[in-house]
Each structure stands twice: as structure tokens, then as C-alpha cells.
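Using the sequences and the hints, build the whole thing.
As they're listed, the protein sequences go chains A and B.
The first sequence: position 78 = 71 (this note's numbering), numbered continuously.
The second sequence: position 330 = 323 (this note's numbering), numbered continuously.
These are calculated hints, taken from the structure and not from any lab test.
Hints should not be assumed to be uniformly reliable.
Pairwise CB distance ranges, derived in the manner of DEER restraints [to be verified]:
no., chain 1, residue 1, chain 2, residue 2, range
1, A, 75, B, 284, 56 to 62 Å
2, B, 72, A, 329, 32 to 38 Å
3, A, 289, B, 240, 56 to 62 Å
4, A, 314, B, 63, 33 to 39 Å
5, B, 197, A, 10, 34 to 40 Å
6, B, 76, A, 65, 32 to 38 Å
7, A, 75, B, 174, 45 to 51 Å
8, B, 72, A, 76, 28 to 34 Å
9, A, 201, B, 72, 57 to 63 Å
10, A, 343, B, 260, 58 to 64 Å
11, B, 361, A, 261, 55 to 61 Å
12, A, 10, B, 284, 41 to 47 Å
13, B, 88, A, 288, 42 to 48 Å
Below, a sample of chain B positions facing chain A; criterion: calculated Cβ distance under 8 Å [claimed, not checked]:
no., residue
14, 11
15, 80
16, 84
17, 87
18, 88
19, 120
20, 121
21, 122
22, 123
23, 149
24, 157
25, 159
Heads up, the beta-carbon is just placed ideally off N, CA and C, and yes, glycines get one too.
There are 2 protein chains.
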Amino acid sequence: MSGTERSAGVTVQVRTRDGSYEVIVERGVLRELPRLVNERVRAERFAVISDDNVAPTHGRAVMEAGVDAGCDMALFTFPAGEASKSRKSWSVLTDELLDAGFGRDSCVIAVGGGVTTDLAGFVAATFLRGVPVVQVPTSYLAMIDASVGGKTGVDVRAGKNLVGAFHPPRLVVADPEVLVTLSLAERAQGLVEAFKHGAILDSAYFASLEDRVVDLLAAEPSASAPAVARSVELKAAVVSEDEFEGGYRQILNFGHTLGHALEAASDYELGHGSAVALGMLLEARLGERLGVTEPGTFARLRGPLEALLGPIDGASVDPEAAATYLRTDKKVRGGQPRVVLLRRLGEVDPGEGWSHEVPQEALVEALAAGLEGS
Amino acid sequence: MSGTERSAGVTVQVRTRDGSYEVIVERGVLRELPRLVNERVRAERFAVISDDNVAPTHGRAVMEAGVDAGCDMALFTFPAGEASKSRKSWSVLTDELLDAGFGRDSCVIAVGGGVTTDLAGFVAATFLRGVPVVQVPTSYLAMIDASVGGKTGVDVRAGKNLVGAFHPPRLVVADPEVLVTLSLAERAQGLVEAFKHGAILDSAYFASLEDRVVDLLAAEPSASAPAVARSVELKAAVVSEDEFEGGYRQILNFGHTLGHALEAASDYELGHGSAVALGMLLEARLGERLGVTEPGTFARLRGPLEALLGPIDGASVDPEAAATYLRTDKKVRGGQPRVVLLRRLGEVDPGEGWSHEVPQEALVEALAAGLEGS
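So, in C-alpha cells, the structure goes:
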């Protein structure tokens, strides 16, 4: 992984078992997409996949630019929303591509937020046993997190992201200019992952995000472009080290063990970012109580996260429901939950394999206590 | 790829991008399965998947041997038949595993024929973004072909095997003794792929199969064990060379361009083996007519294939329907069908990238002519 300056952006190289791919973060780069795709992907036909919110704007723009450049490109749409991250939508899109005559010489271009990059990525991963995918994230969350690392998949009855595949993209193109089309709430939710990157890997980055939280929420490109680029660099370094979540990659789960439980317990009423922010705070306080995390880290995290999201108290979540979720978490290995704990801001405690086995009771207590008395 | 003798069998190493796996072909080896799995797979829980024909016999035997050896193992069943190679069955099995609490520390053990190895393999490929699979093929077809090479997947409305993933097994265990439980027709259909391996790679092997065709059909272990072992060696060499069907692996498609069209045109009334046998004969004759294949090859193939399957005339297939399928084949690259042509028995003509672009009209004519006048 290395970051090199472009005219007005940053290109980050992500290593995979099969080679590597580039993540290009650059203002206005969306207009260069046809050239970039043609340079990097040998395909005869391109299927642009967007949800029905993004399709009329960015989805259509990508397709039209492609067609203007002489590409054989068609647009496929699915209903916006997490409910579309399903085996059903995956089946429908797959059949639509087949009915339209797409074959092995095809490439999928995913244009949208995290639902789209995950869903379209899984379509590509399984279409004729795998065709290339180009990820064009249009939200903070997708730029910072979902489009880098090769995770694709859908939700099922038993939980989120339980069915999927590792399918690294051939190219990721992130244009910070499109972030202005997001709602304020979407921006805030997505930026939580940027603060997480700072919290686990780079305290100076964390501080720089804190300094510019208002501009970041406004999607001011002078703030958003370097933030997206730095988060991509940090995440790329992690997934280049450990593509399949065998060890080091787990550090990206900071805030997520409890965050996922809180999100599920709220029946996904709580936004992913809010849930992870609350999870980060609870896991920081747990770490302090266990003597693993430097005292004061919890308080250090809380300020900027509340600047981003407003007051965080977790009062809306039933701790019992979250505890029940934790007890039945399908991803748990050997029955004991594991939690990523910070050593201090900007550094994860190595623990055993970059996480700590924490007794379920301690986690349930941490949930039940909430943020009271902090 | 190398074959080394075991006590009473052969172990073949297959290279993959991530390392390698072993295919063990040995009489009675099924009884050693728990030990072999424990040596090679680090998993806490094992899901044995079989269809409801195989489950009461081999499926149950594998599970009980595992439980006796102290493994946490459970048996999951689906209705026998090609109709189960579907997204629906894949969803049901996935949900059953999740409901039973299987997590990332799980391993799938597929026990059965080609439908089972493909379907259970795809469950494993996509379960929590991939868990290990051990393939325990119980039919000739699955031992010789389906369980080696990492192809997994299901059929969809538009065609067979159009959705899936490359997911190499962690281990393949083939016990020729179980072949006696197959019907004569199943044995005959599966053995076609063995003759194909001889036809494309090893004329001496082809001759040895021809010599023992009666014993092979009887599943006499002194004939079946070395045949399965040799076919596995030959296929392993090919897929070690080209895991993802980029080039050399295409030679395994000999007989399959026309075979698939015939199979689809018959609405899958024609068995896969019969369709491939007819495809091999038609493609051999096409090769002779194009001056690519040594004259006499067609006749050389026909004798043993008819000894296996009875008279082959293709009269039951509508050539127009097969031609229509060819014209809409979803796997076709850039619109032109490609066919693998022999140079002579035991050797594929390199063509361009191991196949020849043949005008659709020539293929349609070959189909329409059938085997008349040969």
C-alpha cells in the first residue's frame, strides 16, 4: 500500500492475493471513468448497477459518459434501501443481466452507497462464477469503508452480511464532489467510520477530523477529499496485510462487536454509524475498566463523535435485546465473543490476534450500564 | 501436480492460488474421513450436506463416524435431483446452517454426486463470505470431474451453472468402493468424462478404459480405482495450470460446446454423459472436416462410447432447438462460439488459446447432420 499524489487527488494501491487494485480519490474523477475503466478492465460489456435514488443522477451520468465514449453499457436499477441487500435483489439483478445477454466478457460497475457496492459486488462475484467489478462509491460510508477490501454480500433473516464473498474490485473511483448530494444524516453516519480509522490507527488523523467536523458534515471538498483519501490509505494498509480477516483485519471491527448488537437490537432503527459510535464508546470504556485502554480515551472519543451525531446516550436501545443478539451472534468463533480494544487513541491493543476474548457477562454489563455515569 | 502411491490408493496434489489441496483416491478411505478432516481443516463444527438418497447411507455414515471420533457434526439434507441445484436450495441450506448456529469456525462436508458437490460447495463459498469445504464425491461423475477444480454453483432459469463461485476444496476424498451403490446408468453417464480425459490428454489411458469398460460399468474396484485416480491426476494437472478457465483449462470443455446445447435442447431429458458423448463425436467429426483433427479419430471415439452407452445417434434431440441454444449461450465471449478440437486421440489442437472460433453456421450444420452417414 502506498499513496501517491495525482493532479488533485490520491491513488492508493491495495494488494490482494491475485495482484492489486487502485483506489482513486479525486475531485471530478467521475468524468474520467470511461477512460479509467477501459484502461484497467478487459471487458466487452458493462452493467452499471444503481439504486433508484442514485440511478437518475450518478448512475445515468456514468452510463451516458460510457456510451459517449463508445462503451457497450446498460443501467440496471433496484429499489433504494437496506431491504434490497437481499438474496432476492441479487437474484433479480443476476437474471436481468442474463436476460440482457451479458456473458463472461462483462464487467459490473457499482454506482452508489454501501448497499449498492455490497449487492452489486456480490452479483459480480457470482455471475458466471465471477466477473470483474468496478466500485464507484457515492457516499462517505461507501468511499471510506464499503468499497475497499473486497467484501461483498447480502443480509439474510438471521442477520446482516451473513451471505457473501470476497471479491476484490478491479478499480475503485471515489469522487468527493458527489458527497454534496447526500443528506446531512447520511454524511454524519458515514463519517463515524473515518473517526474509527483515526481511533485505531492514527491519532493525528483523528484530531484533524475533529478540527474540521463542520466542513466534513458540509461535504466541503477541501475537507472531505483528504479525509476520504486518508481513510482509504489506512484501510488499504490493513486489508493489504490481511485480506480475509484472519487476524490483523479484525482491528477494523473496533466498535462493531457491541455496535452490531445495538443495531440489531434496535431492529435497525439505529443508524449503522450511530450504533458503531456507541459501540466504540462502550468498548473504550470497557477497555479502560479492564486496564487495557489508557484512561481518558473514552472521553477523548466522545467529544467529536457527539459533535458529529449529537448527544449519544444509547437510551433508545434495549440492553437485554442487545445482549440476546450477542449470545446468538452467528459470527462468534467457538462460542466466546471477541472485542477489539484500544491501547490508546490511534493504537489497538494486540491482545490475542488483535482482539480480546471478553466474558459474555462483562459485555452484557457494559451494554446494561450504557453511558450512564460517564 | 504429482501422484504418489498410498497403501492402496493415490494422492494427487492440486495447486490453487492460495496453496494446494489433496485428492485422496483409495478403497475404504471413507472410514478414515474424520482423521483426515481433523488433520487438514481447523474447524470447530462440521455440516455434512447430502441429498435424501445419499443421506441415509453415506451421509449418515460420514456423520456417525465423525461423531464417534468426537467431532461436532450434523447432517443437512435436500431433495435429490438436478432441480435442487438452485438458488432456492442454496438459500434453504444456508438458513438451516445459520439457524443451527454454525459460524465462521464451520466446515462443510459435501457427500454425494455432482449436484451435491456443486450445491454444497456454493453454500460453503458464500457462507459468512466463505468457509472451508471438504468434497466427498460418491459418483463417478463427481469423483472424476465435479469435485476437482473448485467450481461450485447452481442453475438458473437462463441456464445451468450460470451462478456460482470458484471455491477450491480443502480436501477431496474419493472411495471407489461406494460406486457399487450407483445405478448402471449413473455409472455409464459419469464414465464419459473419464473417456474425455483420455481423449484430450492420454491415448493410453483411453485404451485402458476401453479394455475394461465392462468392469468399470460393474464398479469393479480393480478397474474403477485406477481409472478415478488417473482421471483425477489428469484433471488436477489441468486445473493446477489454469485455475480460472482463462486458457488451458478450456480443453476440459471438449464435447461440451455442442453437448451443453444438446442437453439444453432436450430439456435435460438427455443425460449429461450422453450429451457430452454425442458432443465429443460431433466435435471430432467437425474437427476432421475442418482438417484439424486426424482422420479416424471420430470412429476411434465412437466404439468405446457406444460400448458404454449403447448406440448413439442423437435422433432424440431437435437440432433446431440446440442451434437456438447455441445462438443464445450466455457464456459465449464476444458473440462467437468456441469449440475445443482434438489434433488426434490424446491431444488437443492448441488453436487460439486452446479452442477454435467456429462460425455458428458450421456448428448448426454439424448439429443438423447428426451422426448420419458416419
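| query | Has the hinted range 56 to 62 Å been met by the Cβ atoms of residue 289/A and residue 240/B? | reply | 59 Å, holds
| field | Cβ separation of residue 10/A and residue 284/B, checked against the hinted range 41 to 47 Å | value | About 43 Å separates the Cβ atoms of residue 10/A and residue 284/B, which means 41 to 47 Å holds.
| Hinted contact residue 87/B with chain A - closest CB pair below 8 Å | 6 Å, holds
| said: Tell me if the interface restraint on residue 120/B is satisfied: Cβ within less than 8 Å of some Cβ in chain A. | reply: 7 Å, holds
| said: Is 32 to 38 Å respected by the C-beta to C-beta distance linking residue 72/B and residue 329/A? | reply: For residue 72/B and residue 329/A the Cβ distance comes to about 37 Å; the hint holds.
| said: Tell me if the interface restraint on residue 84/B is satisfied: Cβ within less than 8 Å of some Cβ in chain A. | reply: 6 Å, holds
| Taking the beta carbons of residue 201/A and residue 72/B, is their distance inside 57 to 63 Å? | 58 Å, holds
| Are residue 80/B and chain A close enough, Cβ to Cβ, to be under 8 Å, as the hint says? | 6 Å, holds
| query | Is the hint on residue 88/B kept, meaning its closest Cβ partner in chain A is under 8 Å away? | reply | Interface hint status for residue 88/B: holds (6 Å vs cutoff 8 Å).
| task | Using 8 Å as the Cβ threshold, decide whether residue 123/B counts as touching chain A. | result | With a closest approach of 6 Å, the residue 123/B hint holds.
| Is it true that the C-beta distance of residue 75/A to residue 174/B lies inside 45 to 51 Å, as the hint says? | 47 Å, holds
| task | Using the Cβ atoms, figure out if residue 88/B sits within 42 to 48 Å of residue 288/A. | result | 45 Å, holds
Figure legend: structure checked against the earlier numbered hints; every hint is met.
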